[in-house]
Amino acid sequence: MPNKILEVKNLTKIYKNRIAVDDLTFDVYEGEIFGFLGPNGAGKSTTIKMITGLATISRGDVYICGYSIKKNFELAIRQLGGIIENPEMYSYMSGWDNLKFFANLYTGITDERIHEVVKLVGLENRIHDKFKNYSLGMKQRLGIAQALLHSPKLLILDEPTNGLDPNGIQEIRRFLKNIAHTQKISVLISSHILAEMEQMCDTIAIIDRGKLIEIKNIDQIRKGIMGGQKICFKVDYPNFAGKLIYNKYKLDIELAGNNVIVPCEEAMIPSIVQLLISNRLSIFGINTLTKSLEEVFLDIIKQRSGSITIT
Amino acid sequence: MIRLFKAELRKIFLRPGIFVMTALLAVILALSYFLYQPMTRNTSEISIDENQVSEIYDYFKNGNMSYSKADALSYMTSTNNLIENYRNNNTVSNVETLKTQVNTLNDNIYAFLDRVGRVISSPTGEGKEIAYKILTETLKPSVDSLVNLFSTLIDTSNPLILVNKNTAENITLSLNSINRILTTTSEPTQETYKNMQDNLNLYNISTDANKYTLNITPDIESIVDVKFDEEFLNTLQSDYYNVGMERLAVVEQQIDDFYVSIGGNYEFENSVEKKAEINELISFYYNTCRQLNEIVISKVYLKIAESYSDYEFAQLYGLEDFIRYESEQSLTRQEYLFDHNKMEYDYAVPFNFTSTSNFETNTYDFMYFVLELFSFIIIIYCVVMGSSMIAGEQNNGTLKLLAIRPYKRRKIMTSKILATMFFAFVFTLLAMIITFIAGGFMFGFESAPILCIFNATTAFEISPILLTLIYFLTLLLKIGTYILLAFTISTIFRSYVGAVTVSIFCFFATAILNLFVSSNNIIKYLPLNNLDLFKYMGGGSFTANSSIFNIFSSPILPDMSFVFSLINIVLTISILAVITYTVFKNRDIA
Ligand SMILES: Nc1ncnc2c1ncn2[C@@H]1O[C@H](COP(=O)(O)OP(=O)(O)O)[C@@H](O)[C@H]1O
Ligand SMILES: [Mg+2]
Numbered sequence: 094m095p096n097k098i099l100e101v102k103n104l105t106k107i108y109k110n111r112i113a114v115d116d117l118t119f120d121v122y123e124g125e126i127f128g129f130l131g132p133n134g135a136g137k138s139t140t141i142k143m144i145t146g147l148a149t150i151s152r153g154d155v156y157i158c159g160y161s162i163k164k165n166f167e168l169a170i171r172q173l174g175g176i177i178e179n180p181e182m183y184s185y186m187s188g189w190d191n192l193k194f195f196a197n198l199y200t201g202i203t204d205e206r207i208h209e210v211v212k213l214v215g216l217e218n219r220i221h222d223k224f225k226n227y228s229l230g231m232k233q234r235l236g237i238a239q240a241l242l243h244s245p246k247l248l249i250l251d252e253p254t255n256g257l258d259p260n261g262i263q264e265i266r267r268f269l270k271n272i273a274h275t276q277k278i279s280v281l282i283s284s285h286i287l288a289e290m291e292q293m294c295d296t297i298a299i300i301d302r303g304k305l306i307e308i309k310n311i312d313q314i315r316k317g318i319m320g321g322q323k324i325c326f327k328v329d330y331p332n333f334a335g336k337l338i339y340n341k342y343k344l345d346i347e348l349a350g351n352n353v354i355v356p357c358e359e360a361m362i363p364s365i366v367q368l369l370i371s372n373r374l375s376i377f378g379i380n381t382l383t384k385s386l387e388e389v390f391l392d393i394i395k396q397r398s399g400s401i402t403i404t
Numbered sequence: 005m006i007r008l009f010k011a012e013l014r015k016i017f018l019r020p021g022i023f024v025m026t027a028l029l030a031v032i033l034a035l036s037y038f039l040y041q042p043m044t045r046n047t048s049e050i051s052i053d054e055n056q057v058s059e060i061y062d063y064f065k066n067g068n069m070s071y072s073k074a075d076a077l078s079y080m081t082s083t084n085n086l087i088e089n090y091r092n093n094n095t096v097s098n099v100e101t102l103k104t105q106v107n108t109l110n111d112n113i114y115a116f117l118d119r120v121g122r123v124i125s126s127p128t129g130e131g132k133e134i135a136y137k138i139l140t141e142t143l144k145p146s147v148d149s150l151v152n153l154f155s156t157l158i159d160t161s162n163p164l165i166l167v168n169k170n171t172a173e174n175i176t177l178s179l180n181s182i183n184r185i186l187t188t189t190s191e192p193t194q195e196t197y198k199n200m201q202d203n204l205n206l207y208n209i210s211t212d213a214n215k216y217t218l219n220i221t222p223d224i225e226s227i228v229d230v231k232f233d234e235e236f237l238n239t240l241q242s243d244y245y246n247v248g249m250e251r252l253a254v255v256e257q258q259i260d261d262f263y264v265s266i267g268g269n270y271e272f273e274n275s276v277e278k279k280a281e282i283n284e285l286i287s288f289y290y291n292t293c294r295q296l297n298e299i300v301i302s303k304v305y306l307k308i309a310e311s312y313s314d315y316e317f318a319q320l321y322g323l324e325d326f327i328r329y330e331s332e333q334s335l336t337r338q339e340y341l342f343d344h345n346k347m348e349y350d351y352a353v354p355f356n357f358t359s360t361s362n363f364e365t366n367t368y369d370f371m372y373f374v375l376e377l378f379s380f381i382i383i384i385y386c387v388v389m390g391s392s393m394i395a396g397e398q399n400n401g402t403l404k405l406l407a408i409r410p411y412k413r414r415k416i417m418t419s420k421i422l423a424t425m426f427f428a429f430v431f432t433l434l435a436m437i438i439t440f441i442a443g444g445f446m447f448g449f450e451s452a453p454i455l456c457i458f459n460a461t462t463a464f465e466i467s468p469i470l471l472t473l474i475y476f477l478t479l480l481l482k483i484g485t486y487i488l489l490a491f492t493i494s495t496i497f498r499s500y501v502g503a504v505t506v507s508i509f510c511f512f513a514t515a516i517l518n519l520f521v522s523s524n525n526i527i528k529y530l531p532l533n534n535l536d537l538f539k540y541m542g543g544g545s546f547t548a549n550s551s552i553f554n555i556f557s558s559p560i561l562p563d564m565s566f567v568f569s570l571i572n573i574v575l576t577i578s579i580l581a582v583i584t585y586t587v588f589k590n591r592d593i594a
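In the order they appear, the protein sequences are chains A and B.
For any residue, its number in this note's numbering is found by taking its place in the first sequence, counting from 1, and adding 93.
For any residue, its number in this note's numbering is found by taking its place in the second sequence, counting from 1, and adding 4.
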């Protein structure tokens, strides 16, 4: 079992008359990319602000590398780097001066280390330009550079892909995967777009209206999806084929042109093929129809949110 | 924490505003050179024409000078009488008597000083000018303070009603006309000739005044019997009256000796030293009379004032005219001078805007002038910067990046405040050094020692360099408190623009309040009125007279003192610090 880097325990945030985050508990392990998924207003930013000590914690606690953020703030926060919401820095200073400013807050960050990080995020050529002249992508990269300077164990990024073009998103994704797996940095990344998450996260937590709805590792999710998958048989007499399958397996059959769509597992393909052939039907093709992750998550949210009441 | 402080400081110096500040410093320095035109100080030295020397001596010989001495004596005697009177009737209600006596005293002083003036002035030539100048400029303050005393004793906030005992006829006089009566009871001077008719009418009223009883509108129930205790009266007599008389006798002897030494020959065009010598002797004689005058008047005056609270007194006479602090300060100064047998012109005054500390302007005056203007700009800049460092950084999001560093909120706040203060320190020091050098080349580095009157009670000599250091420290305290205030406001108000607006509003609101509700008792508690501790070094009250500079330095209001202001500042700083740190610690940084 790898080390727990971040432990969130019964974390709750109550604003005057509403609960923004409700009894959240989860762990992030070493080298793991943890996706924090939820629609706008779900409480992602609020959770992240409590983890980073920006917002006060109403109930519960957060431990980073075993240190409580409430009781051992300085030790806990030392292990953390991040960008919360927009990657804003001092606009009148150059990128370099900004990095230098943050580097000076820690002991032992040399200019070489800053150069290394700058190179890592690919800003070598523009690092001495004023921050205000940077594009959003460059600001985002400088933000990540700033977060990595002190070699934290945990990197927290709140919606880092907001406003980026697809190219930029892909770049960040590749970059994060790389540092998580090569440098053993855990990453907590929040987003309201599932497509971004599924391609890089090891674990995804879904949160809605402050509550944790589902927390699954990506393999578990994939297996779950296989159970709900459909097989498509292209035949010459689809109506007849459908009747045959229904009579034998009592499955909900869909028909589309020459296609018979059967909700079943791959393991059933041989017996279905046998059934069709023995009834002298011709099979022109067999396809596996995968349901996308997004659909699954939307389903989960649709299902669960209906039954959840927030007081 | 030191790392954080250094990083914050580096950030401040990377701001583009730093260039603006440097440029402004240069502009202010250049502007000050043109703006800086303070009045030159009166030396109180009487300059005597050579021809007059013989005349003066003749006066002596023929008893004219002794006549003036008789006047001095008669003035002192009436003081003595006044004292005696109180000794004998200590239990009787004496307000009425006191009024009459003070009035007589006033007349006597006038007569005496007029006499001195006439001795010095020749019938023709510029002597008359000099005498007039002495009468109007130099002596007027002491006479005025008596007038004040008189007016204080009768109700001045209401018109005075004189009732004719026989006819029951009423005459209503305003404060102004009473003052004019009082100033015309002496023989009309050059000034009063100008509107003689007017004055004559008033003069008639005043000479007829004994036909009338004073019908004081009993608005001030607080008018109390004044009691002088034995010790006070003894001190007045032995320490001042007797000592003063001895000194006068010595000078008289010296004048006599001088006359003998020049062999009765007054033609000393060739001897500048001789001329200076006689000038000095006569000036000394004259100034000693004046010193005595002021001390006795101030002592009596303050003794009476003791019976009233400062607030009552301010109500009775209006704040501009009576400030106990200033009277005490001037008394302390006079006593110090008298005790050390020195004259005012032996010293430089503490820095002030409107006049020079020496006879000629020097670098210290100039430096003070520039720094007061410049500190205004430093304060504004630091207030804006302070707002940007909390509210501003919160608005643009950089505060979040700072708050997720291994520093507690308390440390973040402290570093930011200290960095801003350090910046202010550096720039003020820089401005001071530059101004000192520039001023030195323009006006010279020389200065007489300065006579400081600390907190109106303690007089001491101090070198201008040391006083500059004290000024620098008080200036830093003032700027520092403004910075803290800016941080408090910027912590409470999340919006940057809001924080800047409120901070600057606080800054000007106090100045505006001071201008319009100066008689209000409450405003002395306003923290920003207590920030300037330098005014307790003996120079502050001068600036209070110039309303424009109220923006820069606040007046000393009734009941205020160094300790009062110090406590006020300490309380203010503590309260601001507690608010700032508590709010910031529990703040959710959005
Ligand atoms: N300072 C605040 N005061 C009151 N409610 C807030 C505050 N900040 C956020 N909220 C509420 O908390 C909920 C969660 O917000 P947030 O964490 O920003 O969502 P997300 O980042 O997932 O979009 C929202 O309903 C929001 O309106
Ligand atoms: Mg958010």
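In case anyone wonders, no lab produced these hints; they're calculated from the structure.
Wrong hints could be hidden among the right ones.
Stated by the list, open to error - Chain A residues, not near chain B, derived (Cβ > 12 Å throughout): (1) L147; (2) P245; (3) N380.
What the hints assert, rightly or not - Distance condition first, Cα-Cα at most 27 Å in a straight line; then the derived DSS-like pairs of lysine-lysine: (4) K278/B x K346/B; (5) K589/B x K109/A; (6) K270/A x K246/A; (7) K412/B x K163/A; (8) K232/A x K10/B; (9) K589/B x K102/A; (10) K109/A x K412/B.
Nothing here was measured: the structure is a model prediction, and the numbers come from that model.
Quick reminder that beta carbons are idealized off the backbone N, C-alpha and C, glycines included.
Hints, verified against the model:
1. At roughly 4 Å from the closest C-beta of chain B, the C-beta of L147/A falls inside 12 Å, breaking its exclusion from the interface.
2. The beta carbon of P245/A is not kept farther than 12 Å from every beta carbon of chain B, the shortest such distance being approximately 10 Å.
3. With a cut of 12 Å on Cβ distances, N380/A stays outside the contact zone with chain B, its closest approach being about 49 Å.
4. Distance hint between K278/B and K346/B is fulfilled; the C-alpha atoms sit about 21 Å from each other, no more than 27 Å.
5. The hinted pair formed by K589/B and K109/A meets the criterion: a straight-line CA distance of about 18 Å does not exceed 27 Å.
6. Of the supplied pair hints, the one linking K270/A and K246/A holds, its CA atoms being roughly 15 Å apart against a limit of 27 Å.
7. Distance hint between K412/B and K163/A is fulfilled; the C-alpha atoms sit about 11 Å from each other, no more than 27 Å.
8. For a cut-off of 27 Å, the pair hint linking K232/A to K10/B stands: about 25 Å separates their Cα positions.
9. About 23 Å separates the Cα atoms of K589/B and K102/A, which keeps this hinted pair within 27 Å; it holds.
10. For the suggested pair K109/A and K412/B, the alpha carbons sit about 25 Å apart, so the restraint of at most 27 Å is met.
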